[in-house]
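Given chain A, work out where chain B should sit, using these hints.
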Amino acid sequence: MFLFLAVWVGESSAQTCALTLSGHAEDLDTREKLAAATVKLQETGQQVFTDQNGDFRFTNLCPGTYTLEITHVSCDLQTKRIVLSRDQHLDLLLPHARKTLGEIVVESQQPKPAGRQQITARDLEETRGKTLAEALSRINGVTLLQTGSTISKPVIHGLHSSRLLTINNGVRQEGQQWGNEHAPEIDPFIAGKLSVVKGVDELRYGSDAIGGVILVEPRPLRDQPGYAAELNTGYFTNNRQYVMSGVWEQQLKKVPAFRYRLQGTFRQGGNINTPDYRLNNTASREANFSVTAGWKKEKFNTEVFYSQFNTKIGIFPGSHIGNLTDLLNAINAEKPDPVFLGQQTYSINRPYQQVSHQLAKIKSGFSLGEHKFTVSVAGQFNHRREYDIVRSSSNTSPQLDLSIATFTEDLSWEHPRIGNFTGMAGVSFMQQDNSYSGRYFIPNYFSHTIGAYALEKWRKHKWELQAGVRYDAKNIDTRRLKFNGDTLDYNFSFSTLAASVQAQYRPSAPWSIQTGISLSTRAPYVNELLSDGIHHGTATYEKGNIFLKPERSLNSTAGVRYDAPSKKFSADWQVYANYIHDFIYQQPRPDEPVLTIAGAFPLIEYTQTNALLYGTDLALTAKILPRLEWEGKLSILYAKDRSRNDWLIWMPSNRYTNELTYQFKDKGRWKDSYISASWQHVDRQRRVPDETNGKQDYKAPPAAYDLIALNASTTVKAGNVPLTFGIGVQNLLNTRYRDYLNSMRYFTDEQGRNIGFRLRVPINNGNK
Amino acid sequence: MKKQLMKIAFAAFATGLVLTSCKKDKDETETNDEEVITTMKLTFVPVGGGTTLTYQFEDADGPGGLAPVQQDIVLAPSKTYNVSVQLLNVTANPVDDITTEIEEEKDAHRFYYIPAAGSNITVSNLDNDSNGVPVGLTSTWTTTAAATGSIRVVLRHYPGNPPGKAAADAVDSPKSGTDIEVNFVTRVQ
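Order-wise, the sequence lines are chains A and B.
Going letter by letter, the first sequence gives residues 1 to 768 in the working numbering.
Going letter by letter, the second sequence gives residues 769 to 957 in the working numbering.
Chain A extracted, bound-state conformation (with noise of 0.2 Å):
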């Protein structure tokens, strides 16, 4: 990438040569130890590796200035400068090999964590300018649920909003995630890494990730003196929608211990092309920045982020409904009115949502001996408005607006290694404070949780074990205030209880299994325990319930992973079964329509069932020619009330993908060029809820469908910059299509194609 002009100062034989260099390899995406990394001191040619722990040591250095070059089969080859005039230990952070389908080898070379799925970085790359949540579902068993094509949300084996838990950097992501049309608020740009964590890691974040946890995480600070700055940009065709996103970061070289970045991204698309019309007021707009500053000695470190997320989505005014008629009359319309079609515009008009979300947080890190702390301390304020059609054109005001501040504060310890065992311990405390304004939706509220975990890690040979527990003891006062006066107060305390055991055994090198068994309570949400309004999206009343308790999950997960030897082939297949006891979920109450002065409005009521979801996902990849490689990727789920011996409403259904790549010879300034088509097939919902005793749904699910994508990439060396030009095409034959986890499936069809162009351009500086 870049490389150093050694300068090796001949220093005079008087001086003794008696230094020592030390120093540790991490991988710099997976904090992995890097055991058997090449460390070569090129002005001497002495050449050590790395050990186990990633340790290495040269011994008898003369004073000087050496060039450290440093190299794992999974990473790039590194080099750094050092002035030697006393010993010296060195954190060495290595970059994953940025070749695109060398992930995979990666992957057969490290064994991935237990329970952790990440996304590659080339999906990563494809899925830059879409959402956080598109790009998550290139994960085999991710799902979205989506409103339109602008409003998308992760679903994980069936799971989705407050049972997941998100967390951006570090910090427990607390927005307003409980409505299922309100996206995470997060700039998917800020993101070095995103993976779902299942399993005892788990217990780091929460008792109550029934589905999982989203990690998002940006890449470390810069360890390199100098600076170095990326562009990123891209244009869609479907709705002109165009993203620019750059990032600075410095390392001062006179102040070693500094760094810091500067992130930013503008996105704005316009009116949504469907393959037969455009639907009016679905464009959308993003502005967010995030400022990152580091501090960082061997004993102490201690980093300060703040980040603004800020966006403004059109909601499509054909499906803002007046009253159950009216829904029934779009839902049954072949397509919407001409009215609410066929405008080009970047402009947006009510229905929209505004929202809002600031982070700013202060992490440090210290070691005592061995043992390491870290102390995090974040503020958080997230404002949500949503601008419903109003009679009067002169009304400016939201008719939903919706604030929460939270405060968290996380205290772990990390204990030194004794024998095979590793392991941390943390508390954790949060307070929250929710209050609206306009339309009662959910209640004011204060709330508090206090909480602890403990975890452990063994590793022997062929062996990990890992264990873990977490306890957490949640208040929630609410209060709504009522127009003539009145207060409603409801006081909740709930507390919850989560364990996790893991194993995995590695027989031989291609093969790995691993096992495990989680426990996870989720205390009801305020939505669920106390909303009571008309739900204009889908014409229902929705009313919460006081009685609620939290829901217990058991989630057991069993999978088996194989890479050829030969790299030419390799499987990852995993099963799992949740069962959640008082599973939350909206019945509707056909008996019990709520009369206003708009007419009767079903009535669906939060209620609790005992719920068990359960399913398999299947990834494959083989070499079919040296440069030819295909992927499949399977994944079936079954979400069964099991009270009522029934299914669950709105659960992603069944689907395969296959991709082909072909990776082109690097030539000349060619590098990481490829191209690739895959073909996803999603079928139709067949298990949904049994009607015969009053209407579950006001739609029968869509009909199966098939899309194909195409994508090619390569970068290209221009002076010393290496561009990368990416091209990705979306529904490439226009399909006519909707999906059962998408709001607007009763009114418009999907997105049609979508040809997207990208542009990336690092510039990196190490002499600065």
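What the hints contain is simulated information worked out from the structure, not anything from laboratory work.
None of these values were measured; they are calculated from a predicted model.
Ideal Cβ placement from N, Cα and C applies to all residues, glycine included.
Treat the hints loosely; a few may be bogus.
Facing chain A, according to a computed beta carbon distance under 10 Å, are these residues of chain B, among others [unchecked claim]: (1) 806; (2) 825; (3) 833; (4) 866; (5) 869; (6) 877; (7) 922; (8) 927; (9) 929; (10) 942; (11) 943; (12) 948; (13) 949.
Frame of chain A; chain B shown alone:
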């Protein structure tokens, strides 16, 4: 040095814990949803003299909560009434008269009066907006022989810009959405 750092860190952590004072008690009351219509009042002035009649639908606490209270419309046979409609939000203080809002944006609103067959009521002579398309803030109701039936009163709102309201628009036109839909029992007696 290390000890000091530890102390500082723990102090910061502890202070945070102490900072937690409950402040859910806000002074504000529920900023009332200005979109709520609680009451539709129909005023009947008999042509040729007689007592003015009023009948209403009222959901005094807005959607949800207590059930709405609805009166039956009782009219005399073979009579003509000049009818005006008034919309209120009684959850606001002072009570909000929403009729004026409709008045101001007539070209984006329309009332429909649809008597069931055999109710022996006909509704005609709806007032128009500036484009000559009916609004129906005022209308003329004519009764014939005694009968019991019903009438559907619907207020439609055109969210489009321009609204695109046209005389031929049916009550369930996809161009407009429902703001009000009330079924009154009618008795001509």
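Hints versus structure:
For residue 806/B, the interface hint holds, the least distance from its beta-carbon to any beta-carbon of chain A being 7 Å, beneath 10 Å. With its C-beta approaching chain A no nearer than about 6 Å, residue 825/B sits inside the 10 Å limit, and its interface hint holds. Interface hint at residue 833/B: satisfied, since its Cβ lies 8 Å from the closest Cβ of chain A, which is below the 10 Å cut-off. Using the Cβ-Cβ criterion of 10 Å, the hint placing residue 866/B at the interface with chain A is satisfied: the shortest such distance is roughly 7 Å.
Against a cut-off of 10 Å between C-beta atoms, the interface hint on residue 869/B holds, since the closest Cβ of chain A lies about 5 Å away. About 8 Å separates the beta-carbon of residue 877/B from the nearest beta-carbon of chain A, less than 10 Å, and the hint is met. Interface restraint check for residue 922/B: the shortest CB-CB distance to chain A comes to about 9 Å, inside 10 Å, so the restraint holds. Look at residue 927/B: its Cβ gets to within about 4 Å of chain A, closer than 10 Å, so that hint holds up.
Given the 10 Å rule on beta carbons, the hint for residue 929/B holds: about 7 Å separates it from the nearest Cβ of chain A. Contact between residue 942/B and chain A, as hinted, is supported at the beta carbon level, the nearest pair being about 3 Å apart and thus within 10 Å. Annotation: interface hint on residue 943/B holds; nearest CB of chain A at approximately 5 Å, less than 10 Å. For residue 948/B, the interface hint holds, the least distance from its beta-carbon to any beta-carbon of chain A being 5 Å, beneath 10 Å.
At about 4 Å, the closest approach between the beta carbon of residue 949/B and any beta carbon in chain A falls short of 10 Å, and the interface hint on this residue holds.
Violated hints: none; the structure is consistent with every hint.
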